[in-house]
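*Asks:* Protein chains in written order, with the numbering used here: chain V, 1 to 328; chain H, 1001 to 1163.
Hints are computed from structural coordinates only; laboratory data are not their basis. A virtual CB, placed ideally from N, CA and C, is assigned to each residue, including glycine. Treat the hints with care, as some may be off.
[Stated by the list, open to error] Think about it this way: if two alpha-carbon atoms lie no more than 35 Å apart in a straight line, the pair counts; the simulated DSBU-like pairs of lysine-lysine are: (1) H:K1010 to V:K327; (2) V:K286 to V:K213; (3) V:K141 to H:K1006; (4) H:K1010 to V:K10; (5) H:K1010 to V:K48; (6) V:K150 to V:K48; (7) V:K274 to V:K307; (8) H:K1132 to V:K213; (9) V:K10 to H:K1006; (10) V:K150 to V:K307; (11) H:K1146 to V:K10; (12) H:K1075 to V:K10; (13) V:K48 to H:K1146; (14) V:K25 to V:K141; (15) V:K25 to H:K1075; (16) H:K1099 to H:K1121; (17) V:K201 to H:K1075; (18) H:K1075 to V:K48; (19) V:K25 to H:K1010; (20) V:K222 to H:K1146; (21) H:K1146 to V:K25; (22) H:K1132 to V:K307; (23) H:K1010 to H:K1132; (24) V:K222 to H:K1152; (25) H:K1006 to V:K201; (26) H:K1121 to H:K1010; (27) V:K222 to H:K1132; (28) V:K327 to V:K274; (29) H:K1121 to V:K222; (30) V:K213 to H:K1010; (31) V:K327 to H:K1121.
[Said to hold, decoys possible] If we take Cβ atoms under 10 Å as the criterion, some of the chain H residues that face chain V in the derived model are: (32) S1005; (33) I1008; (34) I1026; (35) G1048; (36) E1049; (37) G1074; (38) G1110; (39) A1117; (40) L1119.
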Amino acid sequence: MEFLPDFDVKRPLTIVEAVAMAAMKNTCFLAGGTDLMPNLRRGVGNPKTLVDLSAIAEMTEINETDSGLCIGGGVTLQQLIANPQIQRDFNVVMEAAETIAGTTHRYTATVGGNLCLDTRCQYYNQSEWWRSANDYCLKHKGNICHVAPKGNICRAAFSGDLAPAMLIHEAQVELISTEGRRVVNLDDMYQEDGANSLTLKQGELLASVTLSKLDGYQTAYKKMRVRGGVDFPLAGVAMAVRGSEDNLEDMRIALTGTNSRPIRLEGTDALKGKPLDEAGLKALGKLVFAQVMPMRSTFTPAAYRRKVAINMVRRLALNLLCQAYSKR
Amino acid sequence: MANNSKTILKLTVNGEAREDLVPPNILLIDYLREVVTITGTKSGCDGGECGACTILINGNPTLSCISLAVSQSGKNIETIESLATNGRLSILQQMFHEKLGTQCGFCTPGMIMASEALLRKNDNPTDDEITKALEGNLCRCTGYVKILESVKAVIGDNARVRV
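Can you make the complete structure from the sequences, with help from the hints?
*Replies:* This is the structure we're talking about:
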């Protein structure tokens, strides 16, 4: 791996200072750095200034709200997992956080960093000499997406695990820049473009994320990856269900690792009020098949990831309904 | 190379308060090995995937190959060099030696520091908890069984028998 490029580091103590420092071009935020630092060492991105967020105390708080929980962007994944309210009311978020990277990374990696994670691709997350020998790619310095050469859009995969879990809980993010503060649905922070998957403006900081509680639902997160620890998802599924196998009352599903953004599975309303029998599971599988779009962005074949996504969704739905039944 | 000015970094390394002039883009592992000149911490994959460079920052296990030195201002850093006292290995180090948890030795500083962090928080971890704590540490000799046995030899009754 190469040496770090030449950059300056600023360490603000408040959000106001941080966004003022980040308003200039070629500046980027540094949270835990567990993804950014390897990328910088591989020569993808060449910021002139890094604004290190680790000294901002106001971003490391977890506070209860009327309907849920407000989590600071600088909260580490370890803090998140150890939080009693997360353990009690946000099981899917806790399960997702526990699967992210390895134990050591989670002491440093943050909630904001994982939500704003750069998309990944086998043609992008490589060394400079590897990428230059391959004439670079659409996401960085090149003109062609090697995953989909005929298209004009980058197909790198969004690989954050927290985003789908938080989408299940109707997450809203608080974004702050020198132009002011705005609150948007987490779903709107993403777009289906691997080279530009976040809709954040230059210098906009994810200060906090607010989750709403889900009463009466069973929730869980499942992820398929090559290595049991320290690996990104080939596909990840977050789910919340209410009801029983005989009568599915409600179902929320979000996926990661399959598209350039985390996706909420649409069309599950059609399955409501019915038993989740063989026909129901088949219909559910069809919804996943139609909406996930794994591409050749990993060494693992795309068709396999699609099958895995379908089977994980079906299996998780049955498991959660069984859990709901046994809790009656 | 560096256009950006150096800053004074104040922190504690293995109990010693230090002030060093460092460039903004120096990694913590390079600071430890080249400025502080303690070379027990190893650089394995060099990209946050193998855990060989694990050290403790304020008691938490952290990967020094993907951490910036300047971000550690005011923090307490502990490396493998901090464990032995007066030339005597710590019991955890001794067990890695006796139970053959060390083969080629390259992953050992990281394995021991990650285990040390676990044992300080939980003095009687289960096998699963040890495995989970070491999930980010790779051993290319694949000596995992011996490594787990080494950590287990330190806990509970095993440790009392030793001491």
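*Asks:* Work down the list of hints and note, for each, if the structure agrees.
*Replies:* Checked hints:
Simply put, K1010 (chain H) and K327 (chain V) have alpha-carbon atoms about 54 Å apart, too far for the 35 Å limit, and the pair is violated. Pair hint K286 (chain V) plus K213 (chain V) holds up; C-alpha atoms about 29 Å apart against a cutoff of 35 Å. Under the criterion of a C-alpha separation no larger than 35 Å, the hint pairing K141 (chain V) with K1006 (chain H) is consistent with the structure, at around 30 Å. Using a Cα cut-off of 35 Å, the hinted pair K1010 (chain H) and K10 (chain V) holds, with the two alpha carbons roughly 16 Å apart.
Between K1010 (chain H) and K48 (chain V), the direct Cα distance comes to roughly 24 Å. Compliance with the 35 Å bound is thereby established for this hinted pair. Taken as a hint, the K150 (chain V) and K48 (chain V) pair is honoured in the structure, with Cα atoms around 34 Å apart against an allowance of 35 Å. Note on K274 (chain V) and K307 (chain V): the hinted pairing holds, with a Cα-Cα distance of about 25 Å set against a maximum of 35 Å. Taken as a hint, the K1132 (chain H) and K213 (chain V) pair is honoured in the structure, with Cα atoms around 29 Å apart against an allowance of 35 Å.
Distance check on the hinted pair: K10 (chain V) and K1006 (chain H) sit about 12 Å apart at the alpha-carbon level, within 35 Å; holds. For the suggested pair K150 (chain V) and K307 (chain V), the alpha carbons sit about 24 Å apart, so the restraint of at most 35 Å is met. The hinted pair formed by K1146 (chain H) and K10 (chain V) fails the criterion: a straight-line CA distance of about 44 Å is larger than 35 Å. Restraint check: the Cα-Cα separation between K1075 (chain H) and K10 (chain V) comes to about 17 Å, which is no more than 35 Å; the hinted pair holds.
Between K48 (chain V) and K1146 (chain H) the alpha-carbon distance is near 46 Å, which puts this suggested pair outside the 35 Å criterion. Distance check on the hinted pair: K25 (chain V) and K141 (chain V) sit about 18 Å apart at the alpha-carbon level, within 35 Å; holds. Our distance criterion of 35 Å between C-alpha atoms is met by K25 (chain V) and K1075 (chain H), whose separation comes to about 30 Å. Only pairs whose Cα atoms come within 35 Å are accepted, and K1099 (chain H) paired with K1121 (chain H) is accepted, the gap being roughly 23 Å.
For the hint pairing K201 (chain V) with K1075 (chain H), the CA-to-CA distance comes to about 33 Å; that is within 35 Å, so the pair holds. As the CA atoms of K1075 (chain H) and K48 (chain V) are separated by approximately 25 Å, the hinted pair is consistent with the 35 Å bound. Of the pairs offered as hints, the one joining K25 (chain V) and K1010 (chain H) holds, with about 30 Å between alpha carbons and a cut-off of 35 Å not exceeded. Straight-line distance between C-alpha atoms of K222 (chain V) and K1146 (chain H) comes to about 31 Å, which keeps the hinted pair within the 35 Å bound.
Restraint check for K1146 (chain H) and K25 (chain V): the C-alpha separation of about 51 Å exceeds 35 Å, so the hint is violated. Our distance criterion of 35 Å between C-alpha atoms is met by K1132 (chain H) and K307 (chain V), whose separation comes to about 28 Å. Our distance criterion of 35 Å between C-alpha atoms is met by K1010 (chain H) and K1132 (chain H), whose separation comes to about 33 Å. Our distance criterion of 35 Å between C-alpha atoms is met by K222 (chain V) and K1152 (chain H), whose separation comes to about 30 Å.
Proposed proximity of K1006 (chain H) and K201 (chain V) is supported: the alpha carbons are some 30 Å apart, at most 35 Å. A distance of roughly 27 Å separates the Cα atoms of K1121 (chain H) and K1010 (chain H); the hinted pair therefore holds under the 35 Å criterion. Using a Cα cut-off of 35 Å, the hinted pair K222 (chain V) and K1132 (chain H) holds, with the two alpha carbons roughly 17 Å apart. Among the hinted pairs, K327 (chain V) with K274 (chain V) is consistent with the structure: their alpha-carbon atoms are about 20 Å apart, no more than 35 Å.
Between K1121 (chain H) and K222 (chain V), the direct Cα distance comes to roughly 28 Å. Compliance with the 35 Å bound is thereby established for this hinted pair. Proposed proximity of K213 (chain V) and K1010 (chain H) is contradicted: the alpha carbons are some 43 Å apart, above 35 Å. Straight-line distance between C-alpha atoms of K327 (chain V) and K1121 (chain H) comes to about 33 Å, which keeps the hinted pair within the 35 Å bound. Satisfaction of the interface hint for S1005 (chain H) is found here, the shortest Cβ-Cβ separation to chain V being roughly 8 Å, below the 10 Å cut-off.
Hint on I1008 (chain H) is violated. Least Cβ distance to chain V is approximately 13 Å, over the 10 Å limit. For I1026 (chain H), the interface hint holds, since its Cβ comes within 10 Å of a Cβ in chain V; the closest pair sits about 8 Å apart. Interface hint at G1048 (chain H): satisfied, since its Cβ lies 5 Å from the closest Cβ of chain V, which is below the 10 Å cut-off. A distance limit of 10 Å between C-beta atoms decides the matter here; for E1049 (chain H) the minimum to chain V is near 6 Å, and the interface restraint holds.
For G1074 (chain H), the interface hint holds, since its Cβ comes within 10 Å of a Cβ in chain V; the closest pair sits about 9 Å apart. For G1110 (chain H), the shortest C-beta to C-beta distance to chain V is roughly 9 Å, which falls under 10 Å, so the interface hint holds. Because the beta carbon of A1117 (chain H) sits about 8 Å from the nearest beta carbon in chain V, less than 10 Å, this interface hint is met. Proximity of L1119 (chain H) to chain V is violated relative to the hint, the smallest CB-CB distance being about 13 Å (cut-off 10 Å).
Checked against the numbered hints listed earlier, the structure breaks hints 1, 11, 13, 21, 30, 33, 40; every other hint is satisfied.
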